[in-house]
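Participant: Could you build all of it, start to finish, from the sequences and the hints given here?
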Amino acid sequence: MIKTLMGCIREYKKPSILTPIYVSVEVIVECIIPFFIAKLINHIEDGSETRLVLLYGAALIGLAFISLFFGALAGSTCATASSGFAKNIRHDLFYKVQEFSFANIDRFSTSSLVTRLTTDVTNVQMAYMMVIRIAVRAPFMMIFSAIMAFAMCPQLSTVYIIILPFLAFALFFIVKKAMPLFNSVFKKYDKLNNSIQENVKGMRVVKSFVREEYEKQKFGKAADDVCADFTKAEKIVALNMPIMQLAMYIAMVVVSFLGARLIISTGGSVMGVGDLSSLFTYGMQILSSLMMLSMIFVMISISDASMRRICEVLKEESTIKNPENPVMEVTDGSIDFNGVSFKYHENAEKNALEDIELHIKSGETIGVLGGTGSSKSTLIQLISRLYDTSVGSVYVGGINVKDYDIEVLRDAVSVVLQKNVLFSGTIKENLRWGDKDASDEELVRVCKLAQADEFINSFPDKYDTFIEQGGTNVSGGQKQRLCIARALLKKPKILILDDSTSAVDTKTDALIRSAFASEIPDTTKIIIAQRISSVQDADRIIIMNDGKIDAIGTHEELLAGNDIYREVYYSQNRAGEE
Amino acid sequence: MPGPRGIRGGAKAKNAKATILRLIKYLFKYYKVYLTIVAICILFSAFSGTVSSLFLNKIVLLISEGLDKGYDAIYADLLGVIMTMIGLYVIGIASSFIYTRLMAIITQGFLNKMRQNMFGGMQSLPIKYFDTHTHGDIMSYYTNDIDTLRQLISQSIPQLFTSALTILALVCYMLYLSVWMTLLVFVGVVAMALVTKKVGGNSAKYFVKQQKSIGVVEGYIEEMMNGQKVVKVFCHEEESKKDFDKINEQLYSDAQKANKYANILMPIMGNIGHIMYVLIAFIGGLLILLNVPNISFSGQVISVAIVVPFLNMTRQFTMSISQVSQQINSVVMAMAGTERIFELMDEEPEPDNGYVTLVNAKIDENGNITETNERTGVWAWKHPHSDGTLTYTKLAGDVRLFDVDFGYVPDKIVLHNIDIYAEPGQKIAFVGATGAGKTTITNLINRFYDIADGKIRYDGININKIKKADLRRSLGIVLQDVNLFTGTVMENIRYGRLDATDEECIAAAKLANAHSFIKMLPEGYNTVLSGDGSGLSQGQRQLISIARAAVADPPVMILDEATSSIDTRTEAIVQKGMDRLMQGRTVFVIAHRLSTVQNSDVIMVLDHGRIIERGSHQKLIAEKGVYYQLYTGAFEME
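So the protein sequences, as listed, match chains A and B. Start counting the first sequence at 1; every next residue gets the next number (our numbering). Start counting the second sequence at 1001; every next residue gets the next number (our numbering).
Restricting the straight-line Cα-Cα distance to at most 25 Å, the calculated cross-link-like pairs of lysine-lysine (DSS-like) are:
1) B:K1209 x B:K1014
2) A:K315 x B:K1241
3) A:K436 x B:K1246
4) B:K1032 x A:K235
5) B:K1465 x B:K1455
6) B:K1246 x A:K428
7) A:K191 x A:K201
8) A:K232 x A:K218
9) A:K13 x A:K96
10) B:K1241 x A:K321
11) A:K201 x B:K1468
12) A:K191 x A:K218
13) A:K218 x B:K1468
14) A:K315 x B:K1242
Treat the hints as calculated values from the structure; they're not laboratory data.
Facilitator: Written as structure tokens, this is what we have:
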């Protein structure tokens, strides 16, 4: 896991390495300063010459500036390294997701991908900053302070060494007790927030049933529960401060008492008064470094889950890869399914598609009909290799889809997805997803085909109208027609509409179909629909039921010989014949 | 809405002073005693933390004395000083122990209270609020803003208080020991303040920029992840990578600067501390050497006994100041967050001036209605009049709209001259394009919104006089977007009427045609639904919501596109449940598929907020008007 993430450091290796180096220089200098101060004070105490005092003073100010310089450098490189690291992780994640196949996307939900790219990256960035700066600083500080303290007065410094393991144990104990509590309460906290979200989403239901008080009580109970658990965990963490103080105060009392005796009994020869003050400083640095370490430990364990989630994405292999020596041209729009079965998960019990034998000639118009869950969409998604078959193979233009260059294949097979989206940007920009070099005339042409030109021209900004994120400022029918136009711009050999005219009125729907018939007669067209009228005049209609092809035939044939088709036909036309 | 989160996150509080005062007021309202104890404990804790410098002064004096007269001569005094130290330290530790624990209780308890206040307040807000704010924005109050508040209360406030007391105590000790040296420390402090302002200001500036970039990046990520399948279909990967790189680079540059200034602040503060430390030692030494007369409250002459504790105090002083400077960013963010929380709490609740209530009733053979406490299945409107008399009207489900106008914003009327007469048991259908005003009419009947002009009468009573809760209790609703809540299937059905027995809920499920599939679920009625019933199909979820409405058993039902997102074959099953639900009730139906509204008593065709045709199916078909065109598919419905 660490190795995968380390791969994201790349060009920020230099600041990542420089930061700990700068930090260690800063720490060493910082540890030397009290030593010199002790000397300075001792000299003052002795009443020695002014020259020496001046010398020490100048040296000390010099040291402070060195420490400042390196500290600032470290701060700056650390910011570069951690922000850069985060940038690279985001970059790698985003690029990785771009390579994902549909199967990969299904495996991670959209919202989980968003979290991984945002919150998780921020957590890792914080942890990284901690690691390269503070995680180096704390142990260095501890070691150097200890060394300096011993150099100054080994007898008294032993006191710190004795206290250290006790403090370490206490801090460890706190972390160990508090961590699992926090982990469980954070889960509860997430649930609480989910229930708020549920409430906000369902506010119309809440208000309609007059359940405001009920919701308040329900929420109050859950919130009290979370509060109690949080308080319990926080109380344990609250022990940190008194324990630190205890350790520090014990050290101070003992060092003061023994120090006074030592100085007096040796007549100031082992150590002077100045040393006493510096010893306190070292003591404080040693003990508080320990505290830092425990904090870093907590930070890293918090980010551990984030790191894991990021690595899951980074390590995910795209299930669909370009073949070696791919075929770069699709010759015609014929489609063949040869004994195809498909399931979404390897260990799914049931096949989503079972034993499909289907042969479509180039230029045919095919309708597909069937209830929800009959795998209509699954069927057509195999054609442009959005998923790979589990058994059997799909041929387009007489060549196995797995042998094509993916981009070539998908340019030739244009799919208008059922759950389609427009992106924030102008209509022109959205349309040019189909062909980024398309001329304005070309755009108008496809929009006329898709019966979209008229309403686009009714907008004040026409083709430059800005589409909001998710296409919220156009109606459902308009959105669908824009999506069809976008797909047409590819000039595909095969055009697939997956329930793409459901919100378009029947008249316009018919106009679109007749435009297809006259303007792009050579393109193979596959139309999935709920409305009989959308498929009724297709060359052939496929009836899907429960992952299998129930029947194939023309409208007349099916009306005569297929129960499902008849049932749907009469349920939709019953009224019309009254 | 691209990236509202980021922009909100970076905004500064408009009125920080009022916000903090109000926050403190709230804190004291709930935790007066605890907070007082905390304040006293922090005082003790800060005192014991700083007082060591004074003892250092004493000990150094004793050591100098001891060096002259021998250890035994000062032993008793030394022991005395040490013992006092221990005593004070014990108090200090005990204080810390108490106040940190109390702060844990206060922080979490206060957040809990705020959360519940926010949630409670939110329940009373009008639907308009939820229609005009995105879910993400509302959620952000509970997550981001509460988080900044937690930071403020648990860390920033105690830290600032401790630092302030520490600094105050230190100034006293310093003045006690030497005025000259104190002035020296002040010079350093001014330097530190200037640096904090400069560097900290830069840091805050870039933090705001960083928040904005985060908003942009997150918005982009969200949009792309949602449209990822479309990206694949169009082989648009390279373009979106390119766009992403651009904004990612911008975020990097802002984050780098923001963090740089924040990171640099600490070593700068620390080392100004060091330089001051050196200057104190150096100038202190000079003062001793030159025998400069001291001015102090203790009357001591300048000696090592003063310089040594001053060194310690300088260290504590600078540490306190740098701790304050580190809290600045979180205080600024917390102020903005807290202000937003208060804004949510200050939102105007849904007004309700209704006084007509719904009560259980008994009707005797003469038709006299009397109020009763038991559940009789018969309801009546209890109508108190200004002259002190009470009248009872039987709840029948007669809804009439007279010449109603309405606009979501006052100057943009979207419904014009709407007249509807729905008699008890009638089925009224609304048909028309999206935006024609179908849903808006139902929003007026249950008073999610209030009419601009005209009258609405429910069983002959002006609905403005009816208490909203009672009005809504008498109206059932099934919407296109089904919202289920985390909990068992049984609990979800019981949502319609909380005191319904299991048998009643099951009976409602049977009525709604939901019983058979519920029995097939792994735990039957006890199956826990989560994530808005994500394990169920759209049709199954709709059936549960119909059962939920059925158990409430209201005389009037509103069905808003209840079957629109279900395919034709599943709809047939749902429709049976709906038909049974509609029996004997006044029903308002909005439907996408005209086949579902054909058997209505009256069909209203709406266009741009006006009723343009009304009548039965046969009548409208015969008229060959807009309905006829819609019916034959010549008009777009969506």
